[in-house]
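A.B. asks: Residue-level listing of the chains:
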Amino acid sequence: MPESSVLLGAAAVLAAVLALTWVTATGAAMGAGRGLVLAATDPWLETARLLRQRRRTTLRADVLLWRLSGWSLLPLAVLLVALVPWGPHVVVPTELGVVWANALDVVVWAAVWLLGWGANAVAGLVGGYRFLALALGYELPLMFALVAPAMAASSLDLAMIADAQSDLWFVVWMPVAFLAYLVGVLGFALHGPLAAPVGDEVAGGVLAELSGPDLLVARAGRHALLGAGAAVAVPLFLGGGSGPWLPDPAWVAVKAIILTALLSYAAGRLPRLRVPLLLGPAWVVLLPLVVLQDLVVGVVLL
Amino acid sequence: MTSTDLAFWLCAVLAVASGVAVFVVDSMARATYALATSFVATGLAVLLLQQSYLGAVIVLMMVMEMAVMAVYMVMFMGMNPALMPMSMVHSHRWAIGVSVATFVTLGSGALLVPWPARRGSPPPDVTAALGRALMESHMLVMMTVGAVMVATIVVGVVLSSHRTRYDRFGDDLRHRDPADRGAR
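Residue numbers (the numbering used here), protein chains in the order written: chain X, 342 to 643; chain C, 1178 to 1361.
Since the hints were made in silico from the structure, they are not lab data.
Be careful, since some hints might not be right.
Said to hold, decoys possible - Simulated coverage check for chain X against chain C, where a stretch passes if three residues somewhere in it have a Cβ under 8 Å from a Cβ of chain C: (1) 446-458; (2) 561-567.
As the list claims (entries may be wrong) - Where chain X lies over chain C, by a calculated footprint (3+ residues, C-beta under 8 Å): (3) 1181-1188; (4) 1232-1240.
Even glycine gets a Cβ: it sits at the ideal position worked out from N, Cα and C.
Work out the full structure: start from the sequences and follow the hints.
C.D. replies: Next comes the structure, spelled out in structure tokens:
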């Protein structure tokens, strides 16, 4: 690939992450009851405020791990978006897009727990442990949900999976896998019903002790991860770039933004649930249903 | 030296250096994530050997394992991140002796064994070949091991949890509303 198109691709990915982050922040605020104008301008005002805020630290924090983890959420979202095929163009072409997307969402485990741990303070630690408990609940349904589209396209390549949906979008005949995937996205983005690790009742959990630019990038990373998860869902379940009139990349962008807006609005609207209330349904209801979904896909393919 | 060679050696050095760091740092979280870094570097090195699936899976599995391991270690040690630094080694001299002896044995084996010349060529799609190797002739082993592993996990959890659904819902699981439901 010539150098200019690599730069162009990288710029497009960064712009997409920024847009998805803003859509998520706006959508979640509107879901929580804020008006459109305030919800849409708040992220920019908050950015300006936090950029000027002085950095606060805690007693004998593990600064290295704390800062590394907080600043890694946003790059993880960028990498996720870089995997998404924009029609014929992919910024990071790999035949294992599904596995890499999964690997990146697992790195979020490490980042969020370390973010809670690093501050050497109780609220963060509680949040970190809450996150890992939740992760054990959402990750397996998420993994089995990723199996369904990969199986149907008999490929782990996101571009091939998108191409395999020219007749029928996978979301139509894999609704359970799509649902489990979205629950997983809410989980690794710490949003909606799965936002217990950053809950108000633990004073913000893993975000509690952050301030200034550190808080800004951690919050933005959280929103960006929701948008990135939704963007990856486009080739997985929503037919990739297929659609009338518009060119393929435009359709990918439109679908990613619509799904991000809907998901973040729902996340803002839904109550935050206690961790024990979620683990039972995740393991006893969702996981068997997703495995059943995989079975249905397997039988249809036979 | 091509850029791939350079990247490989960078990954190799990072893997060894962060492996050493596991024993040098004085905090469980740092030791755990130094080990995770070492595994990720190993995964990237495997990726550069064009075993892309294995590389991706090493990164995926090892980061997840380290995240869970950190929780268990900290849970059982009850250690604060920075206020209680602790040494990451025990049985110091004995361990050094064993590891040096192991390294010398394995290293001399690698150097002294007459390596056979390559026969045949790698298949075009190594991931598919790996899957076929695992799932065709070794299917029975995989299925047996899978069942044994699940049973082990379930038994491990049952043995380690002192409060199960029978405590919460009664011996016949008929109590629908235990007073402290969700407390544990």
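A.B. asks: Run the structure past the numbered hints and jot down the numbers of the failing ones, going up.
C.D. replies: The structure conflicts with hints 2 and 3, although it agrees with all the remaining ones.
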